[in-house]
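**Q** Using the hints, position chain B against chain G.
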Amino acid sequence: MITELGHFALILAFLVACVQAVVPMIGAHKRWPGWMAMAEPAANAQFMLTAVSFGALTYAFVTSDFSVALVVQNSHSLKPMIYKISGVWGNHEGSMLLWVLILTLFGAMAAWFGGNLPPTLKARVLAVQSSVAVAFFAFIIFTSNPFLRMSVPPFDGQDLNPLLQDPGLAFHPPFLYLGYVGLSLTFSFAVAALIEGRVDAAWGRWVRPWTLLAWLNLTIGIGLGSWWAYYELGWGGFWFWDPVENASFMPWLLAAALLHSAIVVEKRESLKSWTILLAIMAFGFSLIGTFIVRSGVITSVHAFANDPERGVFILMILGFFMGGALTLFAARASAMEAKGVFSLVSRESALVMNNILLAVSCFVVFIGTIWPLIAEMLFDRKLSVGPPFFDMAFTPFMVVLGAILPIGAMMPWKRADMGRTFRPLIPAFILAVSIGLLAFAIQTGRSALGPVGMFLGSWLVFGAMVDIWSRTGRGAFAGRLSRMTRLPRADWGKTVAHSGLGVTMLGISGLLAWQQEDIRVVQFNEPFEVAGFTLTLTDVQRIEGPNFISTMGWVDLAREGQAIATLNPEKRFYPVAQMPTTEAAIDIGFWRDVYVVIGDPQANGGWAVRTYYKPLANWIWGGAILMALGGMLSISDRRFRVAAGAAKRTPVSGVPAE
Amino acid sequence: MTRLALSLWLALAMLGPLAPFTATQALAVLPDEILADPALEARARELSRGLRCMVCRNESIDESNAELARDMRILVRERLTAGDSDQEVVEFIVDRYGEYALLKPTTGGANWLLWAAGPLMLLLGLGVGIGYLRTRQAAPELGAGSLSDEEKAKLSKILED
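Chains G and B, in that order, are what the protein sequence lines are.
For the first sequence, our numbering begins at 1 and goes up steadily by one.
For the second sequence, our numbering begins at 1 and goes up steadily by one.
Bound-form chain G, shown alone (with noise of 0.2 Å):
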């Protein structure tokens, strides 16, 4: 009943969304202010819809109710309830439903805080969301519904996938959408402006704080899949510059890229064109992005022909939507003037900068993807294009990057003189090269990943901390670190985010350039040693789980005689889904990681037992909620809030003049 409740409820969805593309966009047009006003409880009824669908697939799932074929299929009734509701977006049609709730949450969003935008504006911008909602229920509704019904329904499930079963991904893929689909609003908004015809400093005021929510969702979304493949998968890889992988990342430079150009519609009213171009472009990677997982195109053109519906259909909607839009932008762009005037060496260059270096190397990320598949389409050639060509193709856009943005970071707009900008950076450019040349001095190669990872990390942290006090004048030093505390929040998230970046490059390349592996067999009792550790196999139990079994060492970790800790390093095996999985034991520290994984007994008695000696493991991730807090930050900047109108005016009496 609750099933058929859900069912119904989105397909009631589904019609709210048809109305709201159609009738307000109407109503902007003809200005008739009843017809754009059905927008905003549109909006909230499409999202309170989607919301009650969801809550009765998440009930099938939590019930454990093996009528409904999506619950058999991914679910188990021995499963831990946490994985029972991560089941519910563990698979195609529950993570498809997930995707629209977050579209029309999103929606509905624009409703509650847009109140400051000009009515017309509004209401194109709720009508374009609508619209891109409307394809989306379809999708669903015609080719994955989740609350089909088994005509005989089976005692048990077939269990979730074990790999799912993880409290690191379990979240990742609520917040890798909530950055895809953020982007949709973003769309929104661009498309909404060219039909509009008008793009100025307040839209790029509007559009930023939907960006950097989108974007910084992204960044977590991404991290905890990096960070969740670094313990569950062995070896402690972090990106393998996968297709998915890579259709995540592609919005994410685009966004970095959005969020940055958005700055300077805002301040200077100049490259307009170029950012409604990128808004569109962000959430068309989003689009292709989805395209390229759920049809399989990528991994195989025969995978593509097996079962070509959800793909064709996918490609239909990315079609009309991109197709649209450009058409749009191509007709309306040349309206869009420029207004700032700005020397070449200025903050305004930096941005732009900025911008072709991140929406380059998404080009290269995107050749790179699609590659195989040109191949074999046009010149009939089967081959791969896998890590080594995107570490050679990517890197050096980043470095590049990481290179000038301390600098660019610190221009003044409209004109600015390169020493004088670069006279305060003098002290962190001098300590970046000595820990550079530091770290090339005590390394044992001839690499120079290490040495230039560390100078560029060290140098994005120290040009941000640059950045932010110099933000505070002159003057005494207690007066600054004073006026540093009241500095607007938009400061101190440029700057967080900055060093954030700065923070994962460090631990990328420590990890890369002086990461220690060991393979060997190992006896009880027998200890042996990784980059200056002492392990010690003890034991080996079989131990039952919930719904696996494990098979458990136990590892001592020692340096130098002290005991450091008893690590546990598992192999496990889920008799339902008749799958085996590795979980790797972490003793995790500040400064390194060292890493156990167990393998099989062997047949003289002993255990194959991997080891890993990772240096800076944690600054990855460490980076990456720097830079999601960052973009937390920016969006808290009261002059944001004052935007969206979501703020009181600080009351002008009664305030002591300073």
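Just so you know, not all the hints are guaranteed correct.
Said to hold, decoys possible - DSSO-like, lysine-lysine: derived pairs with alpha carbons at most 27 Å apart: (1) 157/B / 267/G; (2) 494/G / 414/G; (3) 414/G / 154/B.
Hints listed in this document are in silico derivations from the structure and should not be mistaken for laboratory results.
**A** Chain B alone, transformed into the frame defined by chain G:
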């Protein structure tokens, strides 16, 4: 395919053929494969990072647990022990398994386009960017004249910090 990737595929609900990943989970490089000569072993590891496990989705033979990946790793080590150069080992693998086995695509044929795409796009971007910046340098400063007075007042109210 690597397991992060697998997780993402699954997380994003592309429930494709799972057969390749359900193979027994062992460690990728097993202790008995390792060559006695550390220099030769290091070359073998480096080579296997660039070779694709043919039955996996997107995984090098160095990372893969599949049986075929193990066979390929052993093959690489056999060739190295027989005295082949790195180049000869790669050619041997390509002869046997095809270009698909290379994770780093060659620059031959149409592939030059793939490798040149980034630099060319960067040049294009820089060209357009600098062209744009030059027009901004020369352009006369426009007032907010295209707005009505009411709009101007509204705008300044909104922009006021």
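**Q** With reference to the structure, classify each hint as holding or not holding.
**A** Now for the hints, and whether the structure bears them out:
Among the hinted pairs, residue 157/B with residue 267/G is consistent with the structure: their alpha-carbon atoms are about 15 Å apart, no more than 27 Å. This hinted pair checks out: residue 494/G and residue 414/G have alpha carbons roughly 20 Å apart, not beyond 27 Å. A threshold of 27 Å between alpha carbons decides the hint, and for residue 414/G with residue 154/B the separation of about 25 Å falls inside it, so the pair holds.
In terms of the numbered hints stated before, the structure departs from none.
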